Amino acid sequence: DVKVTQSSRYLVKRTGEKVFLECVQDMDHENMFWYRQDPGLGLRLIYFSYDVKMKEKGDIPEGYSVSREKKERFSLILESASTNQTSMYLCASSFEGNIQYFGAGTRLSVL
Amino acid sequence: KNQVEQSPQSLIILEGKNCTLQCNYTVSPFSNLRWYKQDTGRGPVSLTIMTFSENTKSNGRYTATLDADTKQSSLHITASQLSDSASYICVVNFSGTYKYIFGTGTRLKVLA
Chain A
15 DVKVTQSSRY LVKRTGEKVF LECVQDMDHE NMFWYRQDPG LGLRLIYFSY
65 DVKMKEKGDI PEGYSVSREK KERFSLILES ASTNQTSMYL CASSFEGNIQ
115 YFGAGTRLSV L
Chain B
112 KNQVEQSPQS LIILEGKNCT LQCNYTVSPF SNLRWYKQDT GRGPVSLTIM
162 TFSENTKSNG RYTATLDADT KQSSLHITAS QLSDSASYIC VVNFSGTYKY
212 IFGTGTRLKV LA
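Protein chains in written order, with the numbering used here: chain A, 15 to 125; chain B, 112 to 223.
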């Protein structure tokens, strides 16, 4: 069975902290994605990776960076967390242009 | 502007009833359209995926239709169950890219 695992379901951080969100998939997918989901807005793409060490900015990359050192793992980094980054973060993976499989999400609160 | 709009925003129905959710898009060029179900506090799960040449696709009690000429899709749920209570999200893929445009979803609540 397909599995995308996000390391934390809930996180509470302070303004200015460095935050790491981890995502691991077990399907050998090339493509991995980080989205954020806010009430009243559709999922918005932060970053996309199509291969190890390869990344592309999505629609809202400001304030975020990513790391993909291994195929199965895609990390989202908030260098200096701010309150406007309080959100639900969703990781997804896919093989080529096929179905995206999503993790359960990480609800991040920045105080 | 490339957009995906869904209606209604929210819907309440009684268990056993049918319902239809709508999705209009202006994404071009278009590759495929997907419907996802998202339970509260969980990630979205794929229900159907259709290319521009497909008109209908079913997945159990879920049937999606696509009219690529009018750029409209619908998701029909038959004989609703309490477990159908969730948000349903329409997603359109740009042709030849990994870029997806997500609708804001329809929140469905099924009452006993």
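The set of hints was computed from the structure by calculation and includes no laboratory data.
It should be emphasised that the depicted structure is a prediction, and the values quoted were computed from it without experimental measurement.
Backbone N, C-alpha and C fix where the C-beta goes; we use that ideal spot for every residue, glycine too.
Just to be clear, a hint being listed does not mean it is correct.
As the list claims (entries may be wrong) - To give a feel for the contact side, a few chain B residues facing chain A, derived at Cβ under 7 Å:
no.: 1; residue: 119
no.: 2; residue: 121
no.: 3; residue: 153
no.: 4; residue: 205
no.: 5; residue: 214
Holds or violated: residue 121 of chain B as interface residue toward chain A, Cβ cutoff 7 Å? violated (12 Å)
Can we keep the residue 205 of chain B interface hint, with Cβ of chain A closer than 7 Å? violated (10 Å)
Does the CB of residue 153 of chain B sit less than 7 Å away from some CB of chain A? Check passed: Cβ of residue 153 of chain B comes within 5 Å of chain A, closer than 7 Å.
Return the status of the interface hint for residue 214 of chain B: holds when the least beta-carbon distance to chain A is below 7 Å, violated otherwise. holds (6 Å)
Hold the hint about residue 119 of chain B up to the distance rule: shortest CB distance to chain A must be less than 7 Å. With a minimum Cβ separation of about 14 Å from chain A (threshold 7 Å), the hint on residue 119 of chain B is violated.
Of the numbered hints given earlier, the model fails hints 1, 2, 4; all others are met.
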